[in-house]
Amino acid sequence: MVRRLSELPEVEAKHLSTTRIVCPTYDDTPLLPGKPLAARRVAIISTAGLHKRGDRAFDRDDGSYRVIPAETPASDLVMSHVSVNFDRTGFQQDHNVVFPIDRLRELVADGTVGSMASVHYSFMGAFPVDAAQPHAKHLAGLLKADKVDAALLVPV
Amino acid sequence: MGALGHFLEREGIPTAGISLVREHTEIVRPPRALWVTFELGRPLGKPDDAGFQTRVLRAQLDMLERTDGPLLVDYPEDVEGEVDLTGWACPISLAPRPSDTLGAEIDRLMAWYDRAVAARGRTTVGTSGLDMRAAGRLVNDALDGELPPAQSLKLAVDDLRAFYLEAASAFPDPGTTRTRVAWFWDETLLAKALLALQPKLAASADKQHKLLAALTLIPATERHRLERDRLGVST
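Line by line, the protein sequences are chains A and B.
For the first sequence, position 48 matches number 47 in numbering that gives the first Met the number 0, and the numbering has no gaps at all.
For the second sequence, position 18 matches number 17 in numbering that gives the first Met the number 0, and the numbering has no gaps at all.
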């Protein structure tokens, strides 16, 4: 169990400290209203550096995204995140612990969620913010074209 | 991650995220974030526990209805730490022998890797495009000769690490993920090769080699081994 940074072992706390990792700040935070969950179309946006085997691997400072069609078999999913400082054995055991596509599919099947996007996406979370912004803007257009009205952001 | 929430919401897509490091999220203030206390690398908490994962996902989805943010909600469930099997020893004899090689070690793990793939129906190996023997040769060549491009080496090493840990998960007594990671760093020739490679990368004139040595070859939790190796302390 991980609590606050102050409760982590020193080496891990130092690695994640906000003096080492520069977090972007914003003057305000937009929050959009939307439909009830049972009417929403939901996409998963991971930052785990996921992609299909054979797709271009993520490289350092890469702010772009990879496309993961909803029908992608779990056996085609690989991870090329540049960081070595998080557990990968969970993902090796069960992709849903990082990319909960089967759980989302179940919630669609039982009517909790309206529908699932036809395509999901992954960034590689160690991106410089400026490198990702134009890609995110482009991605928003793609999501709208797929009639997505909710994005689940899942880090690693 | 939080920055993506700002970008997408501003472009008209409502978002709900998971926060693994509360202190970061408190600064970024994304629209909606569910703070979880799980280990980094496991945002949904527990592998192979659909019920647990669904509860986390539901909590994340339920935030979408709210517009009174920025929201930072504490998820109430924790994941208990794995039982530490003190005294666990790798049941497969992988201990390096004087004449052993990295290639031979990789070969010994093949059968266990195949078992793991058969059991799980999938593998996460495959970002480098190399088979594991070729990946091992790349590491050996990097140690003994000229360094390959940093990204090629990084992807080969990531694949090898995944190959070793997936193989170990199929050992007759696989221990826990924690003991298997400890086994990797304590006992394998690959880990020794990576620790030996780090100073060579650090001394390279190539900036990408230096960055690999400084950040993305050896995890922060294992870097103490570099100092120990430098001092010649036997393990």
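Keep in mind that the hints were calculated from the coordinates and are not lab data.
Some hints here could point you the wrong way.
Calculated lysine to any residue pairs in the SDA-like style (CA-CA distance at most 25 Å, straight line) [to be verified]:
1. K13(A) - V83(A)
2. K13(A) - E10(B)
3. K34(A) - T53(B)
4. K34(A) - D67(B)
5. K51(A) - P46(B)
6. K191(B) - N84(A)
7. K34(A) - E10(B)
Remember, it's a predicted structure, so these values are computed and weren't measured experimentally.
The hints, checked one at a time:
no.	hint	in the structure
1	K13(A) - V83(A)	15 Å, holds
2	K13(A) - E10(B)	34 Å, violated
3	K34(A) - T53(B)	21 Å, holds
4	K34(A) - D67(B)	16 Å, holds
5	K51(A) - P46(B)	20 Å, holds
6	K191(B) - N84(A)	18 Å, holds
7	K34(A) - E10(B)	17 Å, holds
Checked against the numbered hints given earlier, this structure breaks only hint 2.
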